[in-house]
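Novice: The residues making up each chain are set out below.
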Amino acid sequence: MIHQKNPITQSPNLSIKIGSLVLKNPVLLASGTCGYGTELDGLLDLDQLGGIIVKGISIKPSPGNPPPRLVETPCGLLNSIGLENVGIESFIGDKLPWLRNVKTSLIVNILGNSVEEYAEIAKKLDGAEGVKAIEVNISCPNVKAGGIAFGTDPEAAANVTRAVKKATDLPMIIKLTPNVTDITKVARKVASAGADAISLINTLLGMAIDIKSRRPALANVFGGLSGPAIKPIALRMVWQVVRAVDIPVIGVGGISSPDDALEFLMAGAKAVEIGTATLVRPGTAENVLAGIRDYMEANSIQNVDDLRLPE
Amino acid sequence: MIHQKNPITQSPNLSIKIGSLVLKNPVLLASGTCGYGTELDGLLDLDQLGGIIVKGISIKPSPGNPPPRLVETPCGLLNSIGLENVGIESFIGDKLPWLRNVKTSLIVNILGNSVEEYAEIAKKLDGAEGVKAIEVNISCPNVKAGGIAFGTDPEAAANVTRAVKKATDLPMIIKLTPNVTDITKVARKVASAGADAISLINTLLGMAIDIKSRRPALANVFGGLSGPAIKPIALRMVWQVVRAVDIPVIGVGGISSPDDALEFLMAGAKAVEIGTATLVRPGTAENVLAGIRDYMEANSIQNVDDLRLPE
Amino acid sequence: MPRFDIPARIIEQPQLAHGIFLLTVKAPAILDSANPGQFCMLEVKYNNSSDPLLRRPLSIYKTRANGQISFLYKEVGKGTRLLSKRRPGEIVRVLGPLGQGFRLIDDRPQCILVGGGLGIAPLLLLAERINQSGKLIILIGAGNASEIPTIEDFSGLTRYFHIATEDGSLGQRGMVTDLLAQTLREITGMAQIYTCGPWPMMKAVYYMARKKNIPCQVSLEAAMACGIGLCLGCAVPKSDSQGFLHVCREGPVFDADQVNWEYSQ
Amino acid sequence: MPRFDIPARIIEQPQLAHGIFLLTVKAPAILDSANPGQFCMLEVKYNNSSDPLLRRPLSIYKTRANGQISFLYKEVGKGTRLLSKRRPGEIVRVLGPLGQGFRLIDDRPQCILVGGGLGIAPLLLLAERINQSGKLIILIGAGNASEIPTIEDFSGLTRYFHIATEDGSLGQRGMVTDLLAQTLREITGMAQIYTCGPWPMMKAVYYMARKKNIPCQVSLEAAMACGIGLCLGCAVPKSDSQGFLHVCREGPVFDADQVNWEYSQ
Ligand SMILES: Cc1cc2nc3c(=O)[nH]c(=O)nc-3n(C[C@H](O)[C@H](O)[C@H](O)COP(=O)(O)OP(=O)(O)OC[C@H]3O[C@@H](n4cnc5c(N)ncnc54)[C@H](O)[C@@H]3O)c2cc1C
Ligand SMILES: Cc1cc2nc3c(=O)[nH]c(=O)nc-3n(C[C@H](O)[C@H](O)[C@H](O)COP(=O)(O)OP(=O)(O)OC[C@H]3O[C@@H](n4cnc5c(N)ncnc54)[C@H](O)[C@@H]3O)c2cc1C
Ligand SMILES: Cc1cc2nc3c(=O)[nH]c(=O)nc-3n(C[C@H](O)[C@H](O)[C@H](O)COP(=O)(O)O)c2cc1C
Ligand SMILES: Cc1cc2nc3c(=O)[nH]c(=O)nc-3n(C[C@H](O)[C@H](O)[C@H](O)COP(=O)(O)O)c2cc1C
Ligand code: FES
Ligand code: FES
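In the order they appear, the protein sequences are chains R, W, A and Y. Residue numbering for the first sequence follows the numbering used here, starting at 1 and increasing by one per position. Residue numbering for the second sequence follows the numbering used here, starting at 1 and increasing by one per position. Residue numbering for the third sequence follows the numbering used here, starting at 1 and increasing by one per position. Residue numbering for the fourth sequence follows the numbering used here, starting at 1 and increasing by one per position.
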């Protein structure tokens, strides 16, 4: 434990760099759990955060999967939303203008059914004013084609990475799925294919059965598991990937408190994303940020990067 | 929902068959969470249960990993016991005599560092009076060699299966690890290599960091995640494997209540194992068994196999 | 439309009948902007426990001038059981007011409120609001009298008040749809129906209304994670397309025409 | 050695000092077979919540003839916080009595009990038992007086009773090891030390005892999942081999020689 010996006089420096992208602090909102930002108006001060990663966008608008789409599990949430979204055109036309006025870094999460689709969406975003980076979702367990299929095959993951890289100059974060035998294999592949950063984890594939109706509880049968339940798995994978690649790693999975976030930062994550916790308490990200700052002050840690444990 | 229209007169039939092994009911104790049985004396009536699967046994006694070995996580438990056990000789000499007097089916969980070791332990058990079946642990995340290395590689898993099959006439259950991209691949391989049944899941690889001491919370850094947190993942994998192979599947992972067990039986599991829940409440298995019986009576279900949902 | 996520102190929480509780909390900010038919998301977990993880949606049942809001709810599972154990003086986190409530239609002099069981919860504020203007008809149904212990809150509001219970323990023996059939036979002139209750009941009410060309607003339920449009989990199929309504954001109150009533979850 | 897993009713649970609680439950079956130094596993979660998942180990502090058992504990985290919220009349599940307690050594007329902070918890029953026979010396240390609010339970048992607090708010200013050094200088004849407290304190006590060739029993703590030998999680390294002691089954009380004191977790 680091004791408060010489309380620092300057306030701690929370800003971080992800490739060419500078974030004012390491706390981001995770895709699919913060809508397009507007939904949080008045409940969370987006201006305070390091960034917001909006709901996964596809080429065409998509209605998503049939309900029921949600089941609560012990310390977890199963969802099978299935990437319901407004599509790239409407996103740029209807959602982006509002988001431009928010004083945080806007990152757009994208999902395609083919390598070409990923590239096409990325190209459309390349010119879009206000977009600071792209998070490439090759890990959604809730769509039939694309999504997780790319994330579980290192070769396919690298192909998507290269295609998006070619299509845009924006910093590109590749978001990995935990549903693999060896996460470091996929991570290494996408890193050498040109990813600027890696974020992980997306949800774990799970299911529930409603014993009253004697049917799977989700209409889609399978869904993605998120929330505190998965935190130990997310942290392990972040730890592994941090030690396997040289690019920045963003940690996500079950983070609800400052202590949770500190675990990820200590494991070597450059930044963290808050997902399900925002659904449960909209103000979580601000609380996490304040807690990280407090911890750094109390332990005289000047830069957020210094939270990482020595090897 | 099935309504209680014609309450059945006979009491429901809970017995099941796993290959040549007949169990009086589908509720078993999971390996590593029921010691060698004696530890539960007076707290749980083992005679009532379908079976008990004792702690994983290796050729030589093993001291296990250094402490700390346990961390609590949200709705879960991380352990890095590392297969501490008395070794096969002492098991047969010191533990088996007591276990022979218990009126439940004794299943011995085994773990080797090589295919040969698995076969050697199996051979030793083949002649041991009182042993009804072997559960082959190719999924322990807490030992360096062997264990999970066999479980993540379908070919290696098949090799262990074949070797054990050759070494013993006892019914053989292969226990799979969830830390794989496609569980059905491994399942199909071990099924065609001659496994009599498959049990799943073993623990998910996870970790935790103690932010006070600024160190991994487990001395071993990584540990296996068990408990209610993992139930949705276990259930999904059981559902998948039941639909991928023709041999019986035994479900394990986060089962704490009769409702949990019913989910697995409805997914098509022949039987269930109670793990972490026994640590939390020693009497859990009896409670689960009673609850299954009640549900069957209330819903006029005659055979436990009939709980499985229609396709 | 301002919303607040605040720690609210519990004033009281009597058990009104077996498993039915009336929780009153102090939450002036939420009260000030609440409309009939809106709901709140209540945190049910204790302290730092994350199980149960999600908040629970409850309709705003009653408000009082002194900043107090009441929720009328039934203990049906883990979350409501934990909530029911909370005592006066303790704090419960409440996020609200949420969603789109009932829309008052000015040219409809006759408003028929149809409530089934605890589906009456979102209807009280509405009844009080309507009462100030047009003609209020209240029809309430339940399995038996003990399922609707707060019936007096409604019965004083209008003389057009009818109850049906399946066991005949209160009012007429039968279903609330029987009452509605009678009412629809009797009334003349423009009317508007507002309903909340079990899905099959609302479906029946809607089909009866449609036959008579009476517009019908329904308050729907769906599993919710956030209650504020973030997760897109609370989907209900639309009547006219492949798309979905989102109960927490576009609802919980919808024109019944918008809903695909043939979809069964 | 019979053990029981029973729902026990809470009789009272006063907060004795900031964050320190004395929980008394009715559990006659457990009491009847309890020995000094044994502990129980208490369920801290509410209802059907599974977070926190594990029970918490607490030493049996006090027993009364009427079947009541008391636990003296400090609120340090999630589990003890939840436990501290429980009220008289509520039920808490208790599994016990567990483990191997202190062994009374007949030929040791002088017994020195060394407790640090809430490490005094397992020592009271022991002190009461010894008091019936030999000479009882009690040494207690703490940061300040408020950390040991139940000190009167001990002070009346023997006139060889000394306290040290780091801030001098009670007894001598200093550490309990200072008291032990003084005592070891004064006593003559055969002695036996029993100790419980923070690891560094126990380690110091053991090294002092070893120097004087006085046998020392220590009550250890370790993270526990089951408390009954099922999980093998509660390992502490042995002094003489690669192997481990299991605190819940072979302990929590060990001869201090058995323990590898240089291992720091
Ligand atoms: C907008 C809205 C308003 C509501 N108003 C009221 C009210 O005023 N009074 C009242 O008694 N009930 C009301 N409900 C239903 C209430 O939310 C559920 O009964 C409650 O969430 C059940 O939680 P539980 O943990 O006790 O049950 P469990 O069955 O253990 O809950 C498990 C999960 O299913 C969800 N769930 C269970 N039943 C329902 C349901 N009917 N609707 C939505 N989600 C459900 C829970 O939120 C939880 O996530 C309302 C629901 C909605 C959507
Ligand atoms: C045999 C034994 C007897 C004990 N007797 C007492 C007693 O009489 N009075 C008392 O105040 N405390 C006692 N303790 C310590 C007590 O068990 C812990 O303070 C308590 O478990 C902390 O739980 P928590 O949820 O509040 O803390 P958290 O830090 O939130 O707990 C997280 C996890 O760590 C474990 N843990 C945390 N601290 C300890 C610890 N010191 N020892 C073992 N596990 C720990 C918890 O059990 C839990 O699994 C005893 C411990 C043991 C092993
Ligand atoms: C309702 C819901 C919707 C999600 N939608 C997306 C998405 O569109 N794109 C994406 O990359 N991840 C999506 N995720 C995954 C989260 O961003 C996050 O990776 C995951 O939930 C784990 O983090 P958490 O435990 O903090 O929620 C979604 C998660 C949830 C719960
Ligand atoms: C402390 C502990 C020790 C375990 N030891 C073994 C073991 O020796 N062999 C084995 O196959 N599985 C072992 N397991 C895994 C369990 O048998 C079970 O597969 C897993 O914990 C998931 O089930 P649960 O969530 O019900 O505990 C162990 C689990 C725990 C928690
Ligand atoms: S509950 Fe999250 S969008 Fe409606
Ligand atoms: S706590 Fe499980 S063996 Fe000791």
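Think of the hints as simulated: they come from the structure by calculation, not from any bench. Careful, some of the hints might be misleading.
[To be verified] Estimated spans, in silico, between C-beta atoms of each pair:
no.	chain 1	residue 1	chain 2	residue 2	range
1	A	15	R	298	42 to 48 Å
2	A	85	Y	198	33 to 39 Å
3	W	97	A	74	41 to 47 Å
4	Y	156	A	87	35 to 41 Å
5	R	298	W	103	56 to 62 Å
6	W	308	A	2	27 to 33 Å
We treat Cβ as the ideally placed atom computed from N, Cα and C, and that holds for glycine.
Novice: A separate judgement is required for each hint: does it hold in the structure or not?
Specialist: Structure-based check of all given hints:
| no. | hint | verdict |
| --- | --- | --- |
| 1 | A:15 / R:298: 42 to 48 Å | holds, 45 Å |
| 2 | A:85 / Y:198: 33 to 39 Å | holds, 36 Å |
| 3 | W:97 / A:74: 41 to 47 Å | violated, 55 Å |
| 4 | Y:156 / A:87: 35 to 41 Å | holds, 38 Å |
| 5 | R:298 / W:103: 56 to 62 Å | holds, 59 Å |
| 6 | W:308 / A:2: 27 to 33 Å | violated, 51 Å |
Figure legend: structure checked against the earlier numbered hints; hints not met, in rising order: 3, 6.
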